[in-house]
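Top line first, the protein sequences correspond to chains V and X.
Just so we're aligned: the first sequence equals residues 1 to 586 in our numbering.
Just so we're aligned: the second sequence equals residues 587 to 1233 in our numbering.
There could be a bad hint or two in this list.
[What the hints assert, rightly or not] SDA-like mimics (lysine to any residue), calculated; alpha carbons at most 20 Å apart, straight line: (1) V:117 to V:150; (2) X:1139 to V:304; (3) V:299 to X:1061; (4) X:922 to V:517.
[Claimed, not checked] Covered stretches of chain X, as calculated for chain V (at least 3 residues, CB under 8 Å): (5) 954-966; (6) 1051-1061; (7) 1067-1074.
In case anyone wonders, no lab produced these hints; they're calculated from the structure.
Here a beta-carbon is modelled for each residue, glycine too, at the ideal position from N, C-alpha and C.
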Amino acid sequence: MEQNNLGRRIIILFIIVALGFVGSYYFLKRKTTPDISGDKKNIEKNDSVATVSLFTETHDFENEAGTSTDKAASGSKSLKLSPEVEYGLNITKLIKDIPNYQNLRQINVELKCLATKKIEALYVLAIDDAAGKNILWDGKPLVCDKNGSWCTLDFSYEIKPEVAKSGSIIKLYPWNKAKETFYIDDISVQYRGIENRGETNINQNATTNFFYDFETPDGLTGTELIKQTTAHSGKMACDLTGGKEYGPIVSKTVSQVSSSVLKKVSASVWVYPLTDKTNAVLTTGITNTKGENIFWGGKGTENMVCPKNKWTKINAAFILPSDKLSLDDKINVNIWNKGRTDLIIDDLEIVYGENLDRKGEKSTIDGNSIYENKFVSQKNKPPFKTIYFNKQTINCSSFADFTPNEMYVALDFLHDKNKLEQLIHIKDGIAEIYAYLPESKEFKKISVRPMSADSLLKSKKEPDNDKSFFTPTDVTYNGDYFGDNNNEILKYNSDWRFDMKLIEHKADGFNIIGNVDFKGYSNDYNPKYYEFTKIISGRFINANQSSLIVISCNCADPVFPRTKCEHFKNIATLPNSVGVYSIEKK
Amino acid sequence: MNKIKHITVLIVSFQIAVFILFISSCTTNNSKDNSSHKCDDFTLQNANPLGNWQQDSVKHKSIFIDYDHSNSGFTIPSVKQLKDGLFAFDFEIKNTTSSAQKFYYKIYYQNESYKFPEYDSVTGKEHQFAEENFYGSWENTSTLFKEIKVDADNSFHKIQDAIRIVGNPRNEERYIKDGINNRWQRNPRVGEYGFLLVVVSEKDLKSIPDYIQNIHLKNKEHFSTPYYYYKYGDGKQLKSAVVCEFPQLLKVTAEPDLGNGIYINDNVYQGKQYDKSFFCATCGQDSNLYNNAPIQQFINYVDISTKMDNIPVVEDVLKDNYSKMDYNWNKSFYTKDELIPTIIQTARHPCQTVFSDPKEKKIIIKNPKTQYGEWKKESVGIITRHGLTYGKYRVKLKLTELLNKNNVWNGLTNAIWLITQGGGDWNFRRNCNKGGYMATYWGGPNDKRVLAVDYTEIDFEILKTPPYCPDNVFPPVYRNAVADNKNINSWNVKLPDEILNTDKKVTVACTNWDMACSEPKNFGIGCNPVEHTGQTYYAHRWDEKYRALTEKKEESDDELFAGKFYYFEIDWRPTEIIWRIGPSPDKMREVGYMNDKITSISNNQMLLIITQEYHNTNWWPGTPYSQDNIPFPANDIPGEIYDLTIE
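Excised from the complex, chain X in its bound form (with noise of 0.2 Å):
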């Protein structure tokens, strides 16, 4: 009998519970509430957390990153775009109660984009990730609910405040060194931001742990949501509070302008002297350029593995009609004494090869040309100034052609690629709890094992070289070429099927550097088939220690290269990668795609580099053209970078 009446109090509480719950929070995809919301102590109404931004032509709330002044790192908004730079909000609360009451409320927001989900379905508990979200309130978490009084006049009272979203929002020490905070260092997410008002009774209040009421603490060793608090939490239980949630309110892009100039950052040449007689007012060091300038010249990590002895020969090879035959003789008929030894090189007069044009807003950049005497490939590139974690990145440029109409390659590799912020500690990924990362980028096989690193890059990287999946047709065997000059044939080798097959396409190479941690589920190598949206594409590794899983799809050059411009995205999030590439934003196509459960995806904070540059083809295991029988460029090679958008 009275294990009836046990369930029977069970089940009325779960149905009062469900009942408060209806009646206490709300959620709204609108960006004001009008719907009144009650609960035991107060009613809540016409919560508007927006109030000051208007929705834009196809009625959103949007805004865009200012990059001005912005080194220290992003405010939303900035002062620029509202007065105080701030997001006013309010609401109406009517106290239900016989007596004057002290209520207290407190705003949260929350990146919804690029996150994990706070609820893990499988445990049933706050996803473990969940704490890498993107959330924060007011920027001084010490802040914590702020108290108003109601008196028990049976009617509404306008509650005003403001809010912004600032980087480091939990005001983590991890980002905080020498007593200064480093919001640089955590940036705010790019994509759509959500936000969460929280009414509750003195009685509640109680009865919300201190970690969520001040999101800087940490629950254990751990931060702990407030969203997963307030709705899958205990949160929930709340009698006296009203939860209000707006999902989906703001979208914030950046969009840096690529005509607001070029940044040269002396840390790149190490303390050595260089040739600033280039700096121009769109490109160089002056206080505007540096406050304001959101790229910067982009000096590639030259590795001694790109010495090489190089034909002597300077040649266009995208305009001089050169031939697969000028290629072979060339690869032929020259001696070892005849060869130039030489190295990738990089730009040792900055601004002389990049250029922002404010007018068009575009940026320019160029491999430059050299002759007899010279003799350099210098690699050229731009890299944003402000790292970002997640995000779609998405390109509009016009890269150098990579193939001439013979269908021979310049050897140039076009990358649209994210890398490492850098910085160490603060900027460590998530730690690797099985085997560790390969504790550096450029060690080989026998580097250490570590917990953390601070590397990560995602690359497009596009150029002659065969896929290595399905690997049936790899390696490409190659015949051997003899310096015969009685014998055409016997230098002027012809080029396997499986390459001449596609002798109009360069390879888009997708990668992902996950630093060979094995903790993925899927973890492989060799070349394994990933599958999605109907397509399968073949993640590659070459073995357990191989730093990048690599998927690559060829594409025609003319199609990407030989427009007016193309169009190149990487979609980064926190448990997938997606590349797509088109010549329009509303026409891209998948052409690689990677999942947590192949490859760790990078959580930490990255900068999007573009370059034209000059590889090593050993890189590249099987490519057609070498790069030392590669000539030097007898014409500077130019690029252009119309736009860049990351939502």
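Chain V on its own, in the form it takes in the complex (with noise of 0.2 Å):
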């Protein structure tokens, strides 16, 4: 038995360091190293056109009609395609429901097929245009070579600017052109398109949001008077003296800045007048294709108290006629000394529209119900109770170097009588053990000498999850978290924000109990505010309760998938940190 358990160790100590080799392999053949030092440089998100993700929506089919309850990738349903059925059910999607449409390049499938034998089908994108013709068809080979189990499938559809506007609709749908019988389930779809970054050093949502600091010409027309000259910032201004009237313009058509309708726009521009009675007149102006103009608004400093030889901030905001105004439209912003005194500008800024509206559904809570202190919460349905982890006192400092980009694993290894649960961390083939020592509170890196493989192979057993309740995107966690002998779920998802649900599985099924937010970090840091978080669960700190590691960076890297970040970097309002983090028990 001895012997047994003692093999048992082995094996999984080999699992282990195997892995740490794969993951080494996988970084050194990236050529990258893991940056958490903080050097910015040249990884800023500036200066350069980004892809971002705009939207992600997820299909399981578990709620959809026409749908096969035959096999499953997930829950208990899936896509059936057989030879009375050639084309699969339809995902569509309006453009204009995509936030920042207008900037939508590229659309990225992932989906779970099975086929008992080589298929001739397709998965198709398509787009027809407001009056329903269509501008874009691409299909792509549907190949899966594991007859008889699920594959993972991803396409990429490019998508060119033209094809992106307003009225368009895309539709998405397998089409089984040799009528063969096979499944589809699990369908991710993400729609990625790009973010200037260029003319901004404030790096904000530069769809909206543009500053000019006039350092250099980018985004701007006219600007031949740009000098290096007394400047509100930098080196460089806008000299507006000798009887010059205009200053550089920013010009953008409507669709360009907006997604949805334009209602605003707000300005500012500083002013530094060199005479008396200043009169410098921030404008904006809009004209149609055919030249004409449709708006003009502008906001002087003719009544202003704006003294000579010294900055004033002009702020303006202008309601547009956004009923008339077509995507193709010019919106010029730019400054007129209209009084024509010898004047310097500087440092531009222009906010296009207001905040987009939030996502989703309009509540169906009734207002009433809450006023009457009758508010009966709905299975499943938010709003949901927030329930707090606490960050521990705890010395975490052996894990300066730890990454979300690195593997760990939470295993009793040492067995000791203090039945915790041990941190493994898996780097460049490297396996290392951290034990809590409750007498210092503190993380240690121990030797690698395995102690016990039973709880280590119970401890690996993957949560029995009921996929029709969970997302491919969800990580879910089991533990004991409030301590009570009562194993949860932790689910976590950060497709769009981190998402992480408490979850009790009981006989009528899970059960969210509700949404996790953390408590107890210093300053601002909590862990959800992060751009990239890894997240171990496991006994640590307690045997009888359930705490969970958080790692937290932020990637400078100017996009990343959810797994992996080739550069972070450490904010100083936001650095970098790796806490412990337990509910607190009643």
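Hints are included, so try docking the two chains, each in its own frame, into the full complex.
This is the structure in structure tokens:
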């Protein structure tokens, strides 16, 4: 028996080390070194056109008509194609429903396919314009070489800018050309688009927020008056002296800056008069494709206190005739030296439109039920209670180099009297074990000496989750988070936001107990605010209660998948960190 | 030659008149006039209008309004303050003719602190608004001059009488309904009162118009004040009269005892059943509270525009280290179906959130905490029960801090404000003769215009919002946030510098609701400077139909609300309003000033309200934190009111 245990331990250790080597190979092949030094030189998300996810959606076909219960990759239903079914269920989407749809450049599809033999079928993207005329058609072969078992396929469709018009409709569907039998399930669609970060050094949402410090002429026209002179920031500013009337112009079409109805343009500029009685006007004008003026608005300094030889900021907001605007109309923002006095201008900021509407459907809660104190929550429907995981006062300095890129496992490796699990960190082919020392309240690296195989095997057991309840991008963790001898499930999804739910599994199915949030962290260092987070669940500090080790980092890559970041960055206000969090026992 | 004669006669007559006036009128700041005053027929001495009321430690005669049993109106003095509830007055008179004579006397009083001057130097006539001044005489206005018969015995005879100050002293029909004189509808004003003793011969009495002898009567369509008549008008010409004025004799102050309980008025629940389980000895509806409590719980008017979809977060913004990043994340990363549709709420359980402490003589208010499933933002406040016109309202209080240590706003507006006592016709403000007033408080820009309304409001509202003026940095340019969790900067958007530069400050907004009456000479829209005591204020009105004029000043939240207490003062005068704040009554500083050249100043009766209220931030354009993105309160948010003085 003892020998058996030893054998198991060696095998498991071997597996872990092997996993480490795989990870190491992966890193070496990419010739990159994860950087958590905080040196962000050359890797800022500036001065580049980045591709970002505009919108993601998943379809598991559990609640859609026309699906089959014969097979399922998750849940109990899938899409069945058969000799009688040539075209599978359409996934349709109005392009205008995608945030910043004008920037749509790519649609990525990931799906699961099951066929018993090689099939002749396509997965089709078709886009029709507002009149119903097809303007894009692209079919990708459904090639699955795992006869009889589910395989994962992914496709990427390129979208030309001229196709991304508000009235267009996107359709995605399988075409069963040879009328064979196969199944499709768990389709994930990601709509990706460009984000121009070149014109702003404040690195905000470049599609609607723009900042011009005049240090470069990027994004401006009529820049001949920009020169090295008295500047509000940097060295360059626009010199409107000697009767010069017009400063640089920022010109954009409505479609470049708005994904929905454009109602407003806000702008600010700094003015440095060299004389008294200045009259500089911050203007916004809109012309249509025929060159006709649709709108003009201006705010001048004529009646303002604008002392000479001093920088004064002018803010303006222009309410636009949104019902008269077309996507191709041109918005020109500029500064007009109406008084033709000598002045200098600098640091022009423009914000097009207002904050985007929140996503999702309107709440179905009856406000009166709250007012009457009769609110009854509906199973698994928001709003949920908030369950707080509190940061534990534990020295995690030995985790200082950890990043979410690496692999982590929680195991009771030592199998000692504490009955705690240890954290196995696998990096560059090397597995290291970190154990919690209750006396000193710290994690320490220990030598790799497997001591218990039973607990290791037990802890490696996958959560037995009902896949109809979980999406493909969900990560789940089983544990006794309340420390009450009952296990719960944590469901973590970061597709759109840090979204973690605590779930109980009862006879009537899964039941969301609440949204997980964190408390007890320093300053703003809430793990849910970080761009890239790794969570490891285990009984690290209490044998009777599961905790979370949360590794939180920010990523300097312009775009990165959920699993990997090439370059980390350390932001002063949100430094990369590792912490241990548990629910406070009542 | 005749012309020269006429001029000579005129000059001599004028000199005689001046001489007569000199000897027959008196003005004294002392409570007793020991000098003697002569006229053609008699000599008057030792006039003493408040003989039974003693001077205070600084040799002033002052009195506090007695709030007990005063629902039908204040009387000064009350029966608790003086036996019979009357000020005694006396004077001595000597008949200087050769035969016994009938003489006649009358005493008037007038509030001198809050009045229009009786004489208009521009027109040379009585000031058109002098009739609004608070003056009176014996409360039975049909008691005209009282007769005294004095023998020609070359000796002084002492005359004793009594008077008190009451509401509706002219017994105006406007305040009488169903035969009841609602003196409370025109309560005595606070401030200093002067007295005017007039003694005349029988001959001169006949020269005094009826409407001066009987102040209930009007001169044509208007009241004419006896003060104008005797001091500037025809009364100056009386040859056998002594007019003895005591201009600032009595200081009247209101200092309601905040420990005397809080009354709950059924009317605010509009006949609906409500929970009375929180009623207690110091808050409720018993007869003691009905008769004596100076305060009642205030229920805000709930505007349907306060409907909002709030984030589903319950936090203590002040204590939980809530940060701008928290605000930004919550603003960006909740979906619509997670939001809580709600409106700002008001107390449904009276006495649950307001407390009167008889021991410390203070009032505590608190916005109640809430929890998951209840989700409420409930405004809380108190209101005085006795209306007044004009006065310097000073409150000592500690309302909630508005910003936390990260300078994030908790969504509350601390408000100290005056509001119309309502009532309709009897409480109408002065007619607006140019364009009229907007008819209602709540109506939009298409509201009809009317000659008079009863709606008035003068506010301190303190919240996190930027000033509108100077308008070069208004509105702030807020960058748009995008919910991209892979890019912190996309959602954690920095506020503009003009907001961050005053991050620790809140705005003290001083507002006068003039209901868009454009009669004032310098009525304006946009930002307009107003100079006062070396300061420039910018008064702002959105457009010509906007009902309120506002001035804003940014002040430290810590200074106003983090200390033990702070003072706020609204000095409401007939032609100007001054807003002051300060750490003590002797260190008040101006933060707002308006006058009747730029806004219509209300002249009706108002009540004082103190609230911690939730506003729809759409009412305050440019506000950096939106009410629907601010969490529901996880803990009670208390405020304490220590002292209210109206003087």
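Hint by hint, here is what the structure shows:
| no. | hint | result |
| --- | --- | --- |
| 1 | V:117 to V:150 | 12 Å, holds |
| 2 | X:1139 to V:304 | 18 Å, holds |
| 3 | V:299 to X:1061 | 12 Å, holds |
| 4 | X:922 to V:517 | 19 Å, holds |
| 5 | 954-966 | holds (count 5) |
| 6 | 1051-1061 | holds (count 6) |
| 7 | 1067-1074 | holds (count 8) |
Every hint, counting from the list given before, is met by this structure.
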